[in-house]
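Going line by line, the protein sequences match chains A and B. Just so you know, numbering that gives the first Met the number 0 puts 176 at position 177 of the first sequence, and the rest follows in order with no gaps. Just so you know, numbering that gives the first Met the number 0 puts 129 at position 130 of the second sequence, and the rest follows in order with no gaps.
Treat the hints as calculated values from the structure; they're not laboratory data. Please note that a few of the clues may not be correct.
Pairwise CB distance ranges, derived in the manner of DEER restraints [what the hints assert, rightly or not]:
#1 Ala91(B) - Leu172(A): 42 to 52 angstroms
#2 Arg116(B) - Gly90(A): 30 to 40 angstroms
#3 Gly79(A) - Asp40(B): 17 to 27 angstroms
#4 Leu92(A) - Arg149(B): 34 to 44 angstroms
#5 Phe112(A) - Arg181(B): 39 to 49 angstroms
#6 Gly261(B) - Arg264(A): 16 to 26 angstroms
This one's a predicted model, so the numbers in the text were calculated from it and none came from an experiment. Glycine residues also receive a C-beta, built at the ideal position from the N, C-alpha and C atoms.
Residue-level listing of the chains:
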Amino acid sequence: MAAALALAVFLGFFYRGVSEAAKNVDEPGLTTGGDALFTPGTADAALIAILTAAPLAATLVTALMIVTGSSMLPEEIEDGRMSMWLSLPQGRLRTYLLTGLAPFVLTYVLGLFLFGGILLITRFFFAFTPRSILQFPLYLFFWLCVVWAAVTTLSILTRKTVSMVITFFMVALATLFGGVYEMMRMFPGKAPDTLITITRTILFAFPADRSYRGLLHSIIPSDGIVSEDLAFFGVVSGVPVWHVFYALAWTVVVTILGYLAFRNRDF
Amino acid sequence: MKALQDFSLTVSRGATLALLGPNGAGKTTFLKVVLGLVRHDSGYVTLKGLSVMSPKARRGVRYLQENVTFPSWITPLLLFRQVERVRRESTAEDFTRRCGELGCGDLLRRNFGKMSRGQRQRIALALTTCGVPDLVLLDEPSAGLDPAGRILVRKLISRLAASGTTVLLNSHLLGEVERVCRNAAFIKNGRLIDAGDLDSLSKHTGSVWVETGVPRKMADVLSRLGYDCRKDDGGVIVKSSTVPDFRKMVRDVLDTGIPFDGVRKKRESLEEIFMRIMKEDGGDVSQRN
């Protein structure tokens with residue numbers, strides 16, 4: 000309920016902001032003389048609106064995933080109810096997945112509403128064409144998979160608070176170096192080797208950010224005047240497919256680790 | 000530390016078995032091993048011939064754990080539906096009926112957060128025993144219940160036994176256990192030290208019990224006849240050392256003319272059996288460290 004309320008408030012503020020901004024958007028154009036070199040059009044205004052809201056929305060969704068994901072299994076265990084669920088005629092794998100997946104489903108649905116709401120509100124005021132609207136739910140799925148797997152597995156191995164803190168830290172680190180990675184893509188060959196190594200290691204160790212960048216790229220306008228140097232806005236171009244499949248494989252491996260810890264535990 | 004060791008127990012279908020032992024003896028651990036909640040390091044545990052780690056083994060098996068808690072925001076009916084989605088063994092009517100039998104039929108749509116401990120315990124019992132389960136494992140089922148609730152639990156266990164359900168009962172309330180269980184297993188320091196039906200486990204105490212509604216009058220008369228006796232609740236206890244001939248004693252009681260309901264050689268109560276068996280095993284009957 001609280002999450003839905005936060006989502007509604009967020010979208011309400013976003014609507015208000017975009018509606019005010021829409022009053023000041025002219026026809027797009029480029030001029031070579033005078034003070035203005037570039038007059039943003041509706042698609043560019045949409046780009047700004049989306050890239051302003053997206054990080055905040057990502058924070059909201061990530062926080063929801065981490066808080067609920069770190070709570071579900073530990074609470075059932077600490078309150079003694081896991082014994083009740085495991086005494087039913089179902090295997091431990093089914094119990095683990097059904098209990099652990101509930102936060103994922105909740106967060107994914109709210110994430111769809113949140114980012115979908117951003118898209119719809121922006122589209123209502125600014126005419127634009129998203130780069131790939133069909134990919135957005137898929138990238139959201141892969142992005143949340145990684146966060147879910149991390150926090151769920153950690154919540155089995157450590158205490159709830161510790162799992163939340165570690166996952167938040169990993170997300171923050173991945174987001175920071177995800178941005179660095181985008182900059183490196185925009186200026187290839189300019190970054191020091193050490194930075195390249197560190198960035199790749201972090202993104203390899205926690206691959207959530209790549210799917211988030213993919214989501215970002217799929218919802219930003221394809222028909223704006225601003226189409227280059229987007230690294231400054233967080234995303235250069237589409238994400239290679241193998242990045243996403245790697246995230247999925249990572250999710251599977253980490254989930255298996257979490258399940259093994261759960262399976263071998265006494266309740 | 001071994002919670003259970005050298006433990007071998009076979010429970011027949013339809014039996015009502017009490018698990019008795021001091022705190023920390025391993026009674027709850029035993030129940031959890033039977034359900035596969037706690038893994039055993041060696042040996043084997045089967046339910047209906049199947050390994051306990053197999054979900055199929057738990058078909059028809061119900062477990063009431065000690066001090067169960069429920070989310071405060073959920074109602075019993077909602078919880079029942081969630082459980083039955085997995086269990087598929089009983090209907091909402093079964094659950095409602097059982098709640099009625101346990102005096103909590105009016106709580107089905109109330110959130111658990113608005114219930115007392117005893118009310119939650121009744122709901123938990125109903126959830127565990129509704130329908131016709133094959134095996135029911137109850138860990139302190141009367142915990143948190145008022146006297147009326149305990150009576151209902153006794154009736155419930157008797158009803159389950161009558162319908163052929165096997166019941167494993169872990170309880171410290173020996174008076175309650177004695178009234179519903181025919182068999183007992185005594186556990187101490189993780190070991191099974193004795194087991195069997197209560198009649199065979201119970202020894203004669205060396206006393207004779209004369210059941211009467213006027214124990215004071217009966218005790219006075221018997222004392223004058225040379226019997227060493229004392230008044231007790233509902234009757235008179237006569238020391239066997241002063242009863243060389245049981246039949247003669249029965250005739251003497253008849254001759255008193257005082258109304259009585261029965262004369263029998265007194266056997267140990269479950270509490271007396273418990274204390275004797277624990278002490279015979281050595282050491283005092285206290286909590287294991």
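Exercise. Taking 39 to 49 angstroms as the hint, is the beta-carbon distance of Phe112(A) and Arg181(B) inside that range?
Worked result: violated, 60 angstroms
Exercise. In this structure, is the beta-carbon distance linking Gly79(A) and Asp40(B) contained in 17 to 27 angstroms?
Worked result: holds, 23 angstroms
For this session: Go ahead and decide if the range 30 to 40 angstroms is satisfied by the Cβ distance of Arg116(B) to Gly90(A).
Result: Holds, at about 32 angstroms.
For this session: May I ask you to test the hint 16 to 26 angstroms on the CB atoms belonging to Gly261(B) and Arg264(A)?
Result: With Cβ atoms ~55 angstroms apart, the hint is violated.
Exercise. That 42 to 52 angstroms hint for Ala91(B) and Leu172(A) (C-beta), does it hold up?
Worked result: Holds - the Cβ-Cβ distance for Ala91(B) and Leu172(A), about 50 angstroms, lies within 42 to 52 angstroms.
Exercise. Would you say the C-beta atoms of Leu92(A) and Arg149(B) sit inside 34 to 44 angstroms of each other?
Worked result: This hint holds: roughly 39 angstroms between Cβ atoms.
This entry does not satisfy hints 5 and 6, going by the numbered hints stated previously.
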